[in-house]
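Which chain is which? The protein sequence lines are A and B, in order.
So for the first sequence, the numbering used here puts the first residue at 412; every next one is plus one.
So for the second sequence, the numbering used here puts the first residue at 9; every next one is plus one.
I should point out that these hints are in silico values taken from the structure, not numbers from a laboratory.
Treat each hint with caution, since some may be false.
Said to hold, decoys possible - In silico EDC-like links for lysine to aspartate or glutamate, alpha-carbon gap of 16 Å or less:
#1 B:K760 x B:D638
#2 A:K481 x B:E766
#3 A:K471 x B:D638
#4 B:K760 x A:E475
Unchecked claim - A few chain A residues that don't get close to chain B, going by computed Cβ distances all over 12 Å:
#5 P572
#6 V577
#7 D634
Stated by the list, open to error - Going by beta-carbon spacing under 7 Å, a handful of chain A positions derived as facing chain B:
#8 I439
#9 H456
#10 Q690
C-beta atoms are modelled at their ideal positions from N, C-alpha and C, and glycine is treated no differently.
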Amino acid sequence: MRVRLSHLLGDRMAGITPLFDNLWNEYIIWSFLVGGFTFIWLYHHSLWYKSEEGEDWDNKDGIEVGVFPKHYDNFTLEIAWTVLPFFLIVYLALISWGPLDAIWSSAEADGGYGDECASGELSNMTWSESEGRYVADCYHVIYIEAYQWGWNFDCLEVTVPDLCEVGTAVIEGTPAASLTLKQGEVYLAAMGSADVTHAPWFVSWGVKEDVLYSQGTMDKNGDGLSDNLVLTENGEYALSGSIGELGLMTVWLPADNVENFLLLCTEYCGDNHAYMLAQINVNA
Amino acid sequence: MKMNNSRRAIAALAVMAGVLLLAPLVSSLPTGIGGSSIQTAGCNCHNGASDSSVVADIQGFPEQYNASETYSLSISFTGGPAQVGNANLGGFNLWASDGIFTPTDGLTQLWGGSVTEVAHTEAGNDYTSWALDWTAPESGKDVDFILHVNSVNGDGVQTGKIDQWNRADYTLQSSFGVIGDVIPEAPEPFVVLATLILITLALVAITILYGFYRSDPDGFSWETFSPWIADWLTTTDHKKIGTLYFLAGLFFLGIGGIMALFIRVQLATPGNDFLTQDQYNQFFTLHGTTMIFLAAMPLINGFANWMVPLQIGAPDLAMPRLNAMSFWLQPVGALLIFTGVFSGQGADTGWTGYAPYVVDMVNGHDGNTFWAAGQIMLVASSTLTGINFLTTIAVMRAEGMGWMQMPLFTWSILVANLMLFLSIPAFGVGLIQVYLDRVVGTAFYDVGAGGDPLLWSHLFWYFGHPEVYVVIVPAFGVISEVLATSSRRSIFGYRSMVFALAGIGVVAFIVYGHHMFTSGMSPVLRFVTMVTTMLVAVPTGIKIFNWLKTMHGGSLVYRTHTLWALGFLVTFTLGGISGMFFPSIAMDTHLHESYFVVAHFHYVLVGGTVFGFFAAIYYWYPKMTGRMMDERLGTLHFLTAFISYNGVFWPMHRLGVWGMARRHHTYFISTDDFANLPPEAADWNLFISVSAFLFFLSNFIMVANMVISYLRGSKAPADPWGGWSFEWMTASPPPTPSFGRYEDGVWYDLPKLRDANEHVTSEPGRFARWFNRLMVPDDGNEEVTH
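Could you build all of it, start to finish, from the sequences and the hints given here?
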């Protein structure tokens with residue numbers, strides 16, 4: 412268990428996910444320390460060394476127009492405030508490195524969520540204090556298509572209704588897609604865009620990823636589905652190839668709390684960019 | 009015979025002329041009637057004149073309409089030859105001066121691509137009454153309706169006296185007031201913007217004319233004005249070009265600020281409709297582009313043009329004519345960039361212009377082509393500027409001024425131009441590719457044809473990240489000058505300041521990936537970029553601590569430029585600290601593209617670059633104009649601007665963490681159905697908008713101070729602040745040439761730098777020896793000539 416100053420803070424200040432909040436708290440504390448040190452120094456010197464009008468002053472550096480003044484330096488101090496911030500940055504990089512596994516947006520890296528769940532299997536997501544991240548036994552793959560200007564969701568082979576369900580919602584009077592997931596489950600969203608680059612921001616989970624154009628969002632084979640999808644023998648939809656083969660982007664979606672929140676588009680994509688919404692529901 | 013031929017010709021011409029005259033009046037019968045002049049000429053397709061036996065009628069109008077409300081209308085007629093059993097019965101055309109018609113069935117259709125004109129369809133030709141909807145406008149103005157109806161006998165012959173028509177006129181009032189009340193129209197944002205720009209241009213022109221008048225009241229005539237303005241338009245003198253850059257930069261700083269105010273009005277309340285989505289997208293695009301390329305960079309170039317030759321003791325830049333070309337590319341580029349705005353088709357891609365939307369010819373705006381073209385001009389301008397300053401600093405330094413004896417502002421311009429020169433051509437390549445995609449039909453970024461939008465991201469950010477250091481590094485140079493002079497000390501750690509500048513310049517090129525953390529970067533590269541981005545804080549921290557140590561043991565003189573330098577230290581430090589949150593990728597996935605980013609970059613760009621250049625204005629204005637600025641107005645400017653600026657941008661940190669996205673036309677407050685932003689987010693947005701207006705207005709104190717001081721300020725001595733660099737040796741304002749005299753191809757009396765450090769060796773170091781090997785041997789013919 413890493414000992415961090417942020418542990419002094421107790422309650423989460425940011426309120427996003429524990430992973431975000433732990434880092435946030437640590438960075439906030441160091442920001443206060445570094446900022447406080449700088450500003451106290453600034454205010455002290457700007458008041459202590461203030462001169463009065465007409466006051467005599469010691470021209471210790473030989474300031475004279477047309478003359479390069481005497482060097483004013485201190486090798487020890489300069490080394491100190493080169494090395495000390497460097498150590499702080501190494502520390503901050505280390506604590507930021509740890510959770511990176513959790514947000515590698517690829518199942519090929521070691522995401523810490525195991526393999527894809529078999530039919531009916533649950534993720535059993537839990538918070539690992541030692542790793543500082545969520546871990547799970549397995550994950551579910553879902554499909555998201557972005558288009559100007561909306562979202563299409565597909566639960567693929569996650570057919571147990573309370574694990575994944577697609578519907579519609581009305582957001583501020585505008586119909587939009589909705590995606591209902593189950594608390595405690597981890598989902599890997601495979602995503603493609605039908606046109607320009609979009610980026611879904613799952614605000615409550617603090618994750619977003621760019622969604623690039625995918626040729627498979629077209630229906631060139633005339634089966635009534637995006638070419639990224641196929642109808643299986645069980646009557647379910649599945650990806651027509653591996654995520655890598657299809658060139659889809661991915662993002663991990665750890666459904667940690669029961670809540671309903673908005674999904675926003677955060678890569679500018681045209682006129683209705685601000686209204687490219689969906690509703691994410693997480694049920695118990 | 010000839011007479012008969014003439015008459016036949018005249019008759020034929022008359023018929024043709026009549027057909028041509030009549031043809032535009034009506035069209036496509038019986039599938040609908042309409043045309044632009046039907047409201048005036050009437051429906052004379054079926055008969056020459058209206059017939060009172062046909063009575064037209066509209067039912068469904070309210071006594072007074074409510075804005076944006078939809079009403080169901082029923083149009084009908086009685087009379088005329090229409091009878092049940094006829095092949096056709098009749099038709100209608102209804103035109104309104106405002107509002108929106110919506111056909112509700114297959115019997116009616118919109119006409120001529122307009123939502124204010126509706127007519128029957130071919131199927132509707134079999135009826136004597138039709139139903140449709142009309143949605144009232146928001147304007148509150150009276151709305152006129154003109155209804156034409158035809159009653160036909162069904163023989164399919166449109167001419168003759170059997171078919172008859174008539175017309176009915178209606179005027180509908182709004183519920184806002186009675187006829188005669190002055191109801192204010194909803195303002196068209198682009199009209200307001202154009203008006204403000206024109207007013208600003210007029211004020212600038214009046215100021216220039218007044219300045220010219222005051223310089224010689226007795227000689228105020230076209231004969232004296234013409235050569236004066238021609239001199240300014242054709243000058244190659246670095247001081248005049250610097251002034252031109254400076255005025256252009258200030259002008260566009262104001263225009264960019266006006267655009268920001270439009271954005272803030274729109275965001276003052278959630279769900280606001282002050283700007284449409286389309287307009288909003290154009291405003292934030294133009295705001296960013298204007299501020300970076302047309303405000304910040306010209307302001308930097310203005311001071312660089314003025315001060316670098318003075319500081320190094322050079323008579324001018326190395327290539328004065330190239331310098332003039334660099335400047336004049338800017339207003340031409342600006343004209344191109346702004347083209348399309350006032351037609352509603354301005355660029356709408358954000359200043360980052362991401363592909364593939366930037367080459368989207370369906371949903372994207374035509375103005376994106378002009379945006380790319382204008383930016384190409386600015387790339388050319390900056391590349392030429394880079395060549396000019398690098399050459400000038402390398403070969404035209406005064407005797408005694410080695411590399412490590414240059415003033416820090418000159419060092420900062422050197423590093424900035426080196427970064428610019430190396431990075432902006434990549435941006436130019438991307439822009440040319442965008443331009444070709446849009447105009448010629450190439451497929452660099454056309455995803456359907458196999459283009460790669462990530463190529464743009466790389467080309468743009470390879471330029472874009474060094475660019476933001478290009479705009480902040482000169483501000484570092486200014487702060488070094490101002491703080492050292494105000495403290496009456498040397499800058500602390502001159503050498504480490506130089507190495508920090510160089511370090512920032514190098515590291516800037518290897519961290520641009522932090523703008524692409526969410527673009528599918530490989531895990532290894534993400535980690536490397538994370539670490540290198542954090543490491544930028546080391547040289548930046550060295551600079552901040554060196555500035556603070558400079559004041560130690562000093563004798564700090566408080567002038568306005570001192571206040572701005574101290575204010576810079578506060579805001580730039582805060583901006584730098586907030587920037588440290590982004591390289592931590594687990595936080596970046598939440599904060600990217602949120603208002604936390606907006607807060608960060610406005611703290612470093614406005615709180616860094618703009619505040620740095622406010623300090624430069626107050627510091628160097630006496631040198632440039634020969635007049636001292638008013639310190640009381642300057643202090644008032646600082647207090648009002650600094651406080652209101654923090655009121656604008658500090659709360660944005662919180663909004664970003666809560667989940668407010670940038671580049672969004674509006675934002676959503678949590679409801680019972682979904683969680684998004686808390687209710688206090690709306691209050692903070694309103695507070696930010698009010699603060700933005702205060703910040704904008706506070707800067708007029710500085711503008712007024714500049715004008716008043718120019719006219720009535722006390723005369724400035726050569727060195728009002730006690731600086732050491734060469735610009736303080738010259739008169740205020742400096743003569744032309746600034747130093748020395750040029751006779752028979754040789755410069756005389758150029759300044760020589762002395763050095764108070766007795767131990768400094770006069771031999772060049774290793775880098776200087778290597779660099780000198782690149783130089784052409786001095787054969788006496790390389791001096792700058794005008």
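Verification of the hints:
Only pairs whose Cα atoms come within 16 Å are accepted, and K760 of chain B paired with D638 of chain B is rejected, the gap being roughly 33 Å. A distance of roughly 9 Å separates the Cα atoms of K481 of chain A and E766 of chain B; the hinted pair therefore holds under the 16 Å criterion. Of the supplied pair hints, the one linking K471 of chain A and D638 of chain B is violated, its CA atoms being roughly 30 Å apart against a limit of 16 Å. With a C-alpha separation of about 13 Å, the suggested pair K760 of chain B and E475 of chain A falls inside the 16 Å cut-off, and the hint holds.
Every CB of chain B is more than 12 Å from the CB of P572 of chain A (nearest about 20 Å), matching its label as outside the interface. No Cβ of chain B comes within 12 Å of the Cβ of V577 of chain A; the nearest lies about 16 Å off, and the non-interface call holds. Interface exclusion of D634 of chain A from chain B stands, the closest Cβ pair being 20 Å apart, more than 12 Å. With a cut of 7 Å, the hint placing I439 of chain A at the interface with chain B is violated, because the nearest CB-to-CB distance is about 9 Å.
Because the closest C-beta pair between H456 of chain A and chain B is about 4 Å apart, less than 7 Å, the hint holds. Among the interface hints, the one on Q690 of chain A holds; its C-beta lies about 6 Å from the nearest C-beta in chain B, closer than the 7 Å criterion.
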